[in-house]
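So you can see what is in the structure, the chains are spelled out below.
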Amino acid sequence: MFDTVAEGDELPVRELFLAKDMVRAYARAANQMAPRFTDDAGARQEGLPGMITPGNMSMGLLTAAIEAWAGTGALRRLGTTFRGLVLPDRTIRMCGTVTEKDDTAHTVELDVWLENEDAERLVIGTATVALG
Amino acid sequence: MPLDIDPALLGREFDHTTYGPVASDELIAFARALGETRPEYVEPGPTLVGHPTFCVRYKGHKFYPENIPKSINVRTGLDAGKDIAFGVPIRPGDTIDIRSTLHEVYEKTGRSGSMYFVVIRFTMTNQRGEMVAVVDNRFMHRG
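Keeping their order, the protein sequence lines are chains R and A.
The opening position of the first sequence corresponds to residue 1 in the numbering used here, with each subsequent residue numbered one higher.
The opening position of the second sequence corresponds to residue 1 in the numbering used here, with each subsequent residue numbered one higher.
No lab work stands behind these hints: they were computed from the structure.
Computed from a prediction, not measured in an experiment: that's the story for all the values here.
By construction, the Cβ of each residue, glycine as well, lies at the ideal position given by its N, Cα and C atoms.
Don't take each hint at face value.
Take a look, some chain A residues computed to stay more than 10 Å from chain R by CB distance [unchecked claim]:
| no. | residue |
| --- | --- |
| 1 | Leu-10 |
| 2 | Glu-26 |
| 3 | Arg-38 |
| 4 | Glu-43 |
| 5 | Gly-45 |
| 6 | His-51 |
| 7 | Thr-53 |
| 8 | Asp-79 |
| 9 | Lys-82 |
| 10 | Ile-84 |
| 11 | Pro-92 |
| 12 | Gly-113 |
Listing some non-contacts, in silico: residues in chain A with all C-beta distances to chain R over 10 Å [said to hold, decoys possible]:
| no. | residue |
| --- | --- |
| 13 | Thr-18 |
| 14 | Glu-40 |
| 15 | Pro-46 |
| 16 | Val-49 |
| 17 | Val-56 |
| 18 | Tyr-64 |
| 19 | Glu-66 |
| 20 | Asn-73 |
| 21 | Gly-81 |
| 22 | Arg-91 |
| 23 | Glu-104 |
| 24 | Thr-109 |
| 25 | Met-115 |
Which residues of chain A face chain R? A few of them, derived with a C-beta cut under 8 Å, are [as the list claims (entries may be wrong)]:
| no. | residue |
| --- | --- |
| 26 | Pro-52 |
| 27 | Gly-60 |
| 28 | Gly-77 |
| 29 | Pro-89 |
| 30 | Asp-97 |
| 31 | Phe-117 |
| 32 | Arg-121 |
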């Protein structure tokens with residue numbers, strides 16, 4: 001796969017309707033059962049507009065998108081910045097682009113991001129991926 | 001006001017926590033919650049491994065070192081992001097050892113004033129001493 005990838009290539013965009021129940025299931029599975037991640041009323045008491053998605057879940061969804069393209073176990077490093085609130089019950093998109101190739105290590109650098117329906121980049125990051 | 005951090009605090013371990021053994025059900029529930037359907041993440045058996053970000057499920061018992069400056073209020077920190085270097089995958093039956101260090105503290109000034117960033121590093125290894133992940137957790141505090 002490494003030889004067929006070029007700088008500037010875009011990863012297939014993954015679109016997902018992020019249901020509240022999916023966020024709750026993640027919060028349970030990830031041991032992050034804080035009100036902000038499980039119910040609107042609890043989140044509002046913390047000054048939030050409603051339930052939000054854990055940043056770790058956003059990282060997990062970006063990882064799933066990267067691995068869907070590169071293969072299981074290909075991810076070597078992922079760095080993210082949480083810039084905005086990822087609100088559930090909306091459609092999100094996981095996107096990425098190849099920024100650099102390392103011919104010696106057979107790895108590529110990616111810019112990755114999670115955006116909302118208005119194309120606002122709520123989570124941005126970079127990743128290193130090993131390609132066979 | 002600049003933070004008065006004792007340089008000796010940087011890199012010094014302030015927490016050591018062990019979790020485990022990891023159960024297959026935990027790995028599968030985590031992967032399914034991310035919408036994963038690949039057999040290696042959701043089917044019990046010898047080939048089951050944890051989704052790469054399963055490691056963020058773990059944290060130390062102490063969030064910050066005890067002797068961090070009081071101007072940093074632990075309860076008001078916002079999760080600003082993470083950097084993860086991935087090692088070997090987590091497998092059922094593993095025990096995960098987490099050593100926490102204060103990795104970095106820095107200040108930035110933005111439109112809304114000054115902010116402090118505190119980076120806590122979790123170094124995670126399994127029972128064989130293999131590196132599972134190094135996770136840098138970046139927390140932001142208003143100055």
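Evaluation of the provided hints:
1. Listed as a non-interface residue, Leu-10(A) keeps its Cβ farther than 10 Å from every Cβ of chain R; the least gap is roughly 20 Å.
2. Under the 10 Å C-beta cut-off, the non-interface status given to Glu-26(A) relative to chain R is violated; the minimum distance is some 7 Å.
3. With a cut of 10 Å on Cβ distances, Arg-38(A) falls inside the contact zone with chain R, its closest approach being about 6 Å.
4. Look at Glu-43(A): its CB is around 13 Å from the nearest CB on chain R, clear of 10 Å, so calling it non-interface holds up.
5. Under the 10 Å C-beta cut-off, the non-interface status given to Gly-45(A) relative to chain R holds; the minimum distance is some 15 Å.
6. Not every beta carbon of chain R lies more than 10 Å from that of His-51(A), the smallest distance being close to 7 Å; the non-interface claim is violated.
7. With a minimum CB-CB distance of about 4 Å to chain R, Thr-53(A) fails to clear the 10 Å threshold, and the non-interface call is violated.
8. With a minimum CB-CB distance of about 5 Å to chain R, Asp-79(A) fails to clear the 10 Å threshold, and the non-interface call is violated.
9. With a closest Cβ-Cβ approach of about 6 Å to chain R, Lys-82(A) is found to fall inside the 10 Å limit, against its non-interface label.
10. At roughly 5 Å, the least C-beta separation between Ile-84(A) and chain R is not larger than 10 Å, which violates its mark as non-interface.
11. Non-interface status of Pro-92(A) relative to chain R is upheld: no Cβ of that chain comes within 10 Å, the nearest being about 15 Å off.
12. Separation of Gly-113(A) from chain R is adequate, the least Cβ-Cβ distance of about 18 Å exceeding the 10 Å criterion.
13. The beta carbon of Thr-18(A) is kept farther than 10 Å from every beta carbon of chain R, the shortest such distance being approximately 15 Å.
14. Here Glu-40(A) does not stay apart from chain R, with its beta-carbon only about 6 Å from theirs, under the 10 Å limit.
15. Against chain R, the non-interface label of Pro-46(A) holds: every CB pair exceeds 10 Å, the least being about 15 Å.
16. With 10 Å as the threshold on Cβ separation, the claim that Val-49(A) sits away from chain R is violated: the shortest Cβ distance comes to roughly 8 Å.
17. Distance check for Val-56(A) against chain R: the nearest CB is about 4 Å away, which does not clear 10 Å, and the non-interface claim fails.
18. The claim that Tyr-64(A) is not at the interface with chain R holds, since no C-beta of that chain comes within 10 Å of its own (minimum 18 Å).
19. Once the 10 Å rule is applied to beta carbons, Glu-66(A) is consistent with being away from chain R; the minimum gap is 23 Å.
20. Even its closest Cβ contact with chain R, about 15 Å, leaves Asn-73(A) beyond 10 Å, as expected for a residue assigned away from the interface.
21. Some Cβ of chain R comes within 10 Å of the Cβ of Gly-81(A); the nearest lies about 4 Å off, and the non-interface call is violated.
22. Interface exclusion of Arg-91(A) from chain R stands, the closest Cβ pair being 13 Å apart, more than 10 Å.
23. Glu-104(A), annotated as away from the interface, keeps every beta carbon of chain R farther than 10 Å; the closest lies near 14 Å.
24. At roughly 17 Å from the closest C-beta of chain R, the C-beta of Thr-109(A) stays outside 10 Å, upholding its exclusion from the interface.
25. Consistency note on Met-115(A): stated as away from chain R, and its beta-carbon is indeed over 10 Å from all of that chain's, at 13 Å minimum.
26. Taking 8 Å as the C-beta cut-off, the interface hint given for Pro-52(A) holds, the closest approach to chain R being about 5 Å.
27. For Gly-60(A), the interface hint is violated, since its Cβ never comes within 8 Å of a Cβ in chain R; the closest pair sits about 14 Å apart.
28. Interface restraint check for Gly-77(A): the shortest CB-CB distance to chain R comes to about 12 Å, outside 8 Å, so the restraint is violated.
29. With a least beta-carbon distance of about 7 Å to chain R, the hint placing Pro-89(A) at the interface is held under the 8 Å criterion.
30. Interface hint status for Asp-97(A): violated, as the beta-carbon distance to the closest one in chain R is roughly 17 Å, over 8 Å.
31. Because the closest C-beta pair between Phe-117(A) and chain R is about 11 Å apart, greater than 8 Å, the hint is violated.
32. The interface hint given for Arg-121(A) is violated, since its Cβ lies 13 Å from the closest Cβ of chain R, which is over the 8 Å cut-off.
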